[in-house]
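Chain order of the listed sequences is A and E. With positions in the first sequence counted from 1, the corresponding number in the numbering used here is that position plus 679. With positions in the second sequence counted from 1, the corresponding number in the numbering used here is that position plus 73.
One or more hints might be untrue.
[Said to hold, decoys possible] Some chain E residues close to chain A (C-beta under 10 Å, calculated; not the full set):
1) 77
2) 79
3) 81
4) 115
5) 116
6) 129
7) 181
These aren't lab readings, by the way, just hints derived from the structure by calculation. Just so it is clear, CB atoms sit at the ideal spot from N, CA and C, and this is done for glycine as well.
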Amino acid sequence: GNSVTQMEGPVTLSEEAFLTINCTYTATGYPSLFWYVQYPGEGLQLLLKATKADDKGSNKGFEATYRKETTSFHLEKGSVQVSDSAVYFCALSSDSNYQLIWGAGTKLIIKP
Amino acid sequence: DTAVSQTPKYLVTQMGNDKSIKCEQNLGHDTMYWYKQDSKKFLKIMFSYNNKELIINETVPNRFSPKSPDKAHLNLHINSLELGDSAVYFCASSQARTRVETQYFGPGTRLLVL
Chain A
680 GNSVTQMEGP VTLSEEAFLT INCTYTATGY PSLFWYVQYP GEGLQLLLKA TKADDKGSNK
740 GFEATYRKET TSFHLEKGSV QVSDSAVYFC ALSSDSNYQL IWGAGTKLII KP
Chain E
74 DTAVSQTPKY LVTQMGNDKS IKCEQNLGHD TMYWYKQDSK KFLKIMFSYN NKELIINETV
134 PNRFSPKSPD KAHLNLHINS LELGDSAVYF CASSQARTRV ETQYFGPGTR LLVL
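Make the full structure from the sequences, and use the hints.
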């Protein structure tokens with residue numbers, strides 16, 4: 680079945696550091712891929728998405744590229760801020776099953 | 074204007090009680106969901122409705138019963154609450170059921186069973 684694996688957290692970085700959170704997936708067909716972010720005490724919100732291979736999603740300085748050859752959708756940001764501290768979820772949705780399949784979430788802590 | 078709202082935000086209750094959580098979306102979406110998030114932040118889909126029809130009914134105890142009176146509302150009733158039901162429950166909605174849809178989440182209901 681479809682699945683999403685993302686790196687375990689917490690990931691702790693200093694402000695202005697480069698961020699990568701790894702996400703790999705297993706799916707049949709051509710899924711859509713998503714990154715959602717959950718700030719402390721809030722619900723999840725879409726950060727970015729990509730719906731076909733080689734697409735790049737971007738938002739708020741974050742980027743992720745849909746790599747079918749490596750079945751990956753790694754999240755990157757060039758210079759993180761304290762306000763980026765949150766839990767980040769990778770997810771996929773396929774034509775065979777429209778519900779989102781979620782990764783376990785990665786907690787990101789940015790220290791000033 | 075809140076897109077997806079849930080009430081109550083916090084719910085503290087005793088084991089064995091019955092409680093309900095309400096969800097409303099004003100986005101005009103056709104599909105609504107209930108998720109459970111445990112203390113390790115793991116998300117589990119519980120139910121999904123599309124145009125008031127139940128389409129996803131994951132393996133959850135039958136003490137949990139969803140109800141969708143109309144497209145904009147999806148409520149969750151829980152009977153005979155147990156300690157293990159303590160979690161954050163999120164309601165979400167999406168425009169339709171396709172693989173490209175974004176889900177919009179409510180702020181969550183933090184349930185603590187004592």
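Results for each hint:
1. Hint on residue 77 of chain E holds. Least Cβ distance to chain A is approximately 8 Å, under the 10 Å limit.
2. At a threshold of 10 Å, the smallest CB-CB gap from residue 79 of chain E to chain A is about 8 Å, leaving the interface hint in force.
3. A distance limit of 10 Å between C-beta atoms decides the matter here; for residue 81 of chain E the minimum to chain A is near 15 Å, and the interface restraint is violated.
4. The interface hint given for residue 115 of chain E is met, as the beta carbon of that residue sits about 6 Å from the closest beta carbon of chain A, less than 10 Å.
5. Restraint check, residue 116 of chain E versus chain A: the minimum CB separation of about 5 Å is within 10 Å; hint holds.
6. Hint status for residue 129 of chain E: holds, given a least beta-carbon distance of 6 Å to chain A, under 10 Å.
7. The interface hint given for residue 181 of chain E holds, since its Cβ lies 5 Å from the closest Cβ of chain A, which is under the 10 Å cut-off.
The structure fails hint 3 only (numbered hints given earlier).
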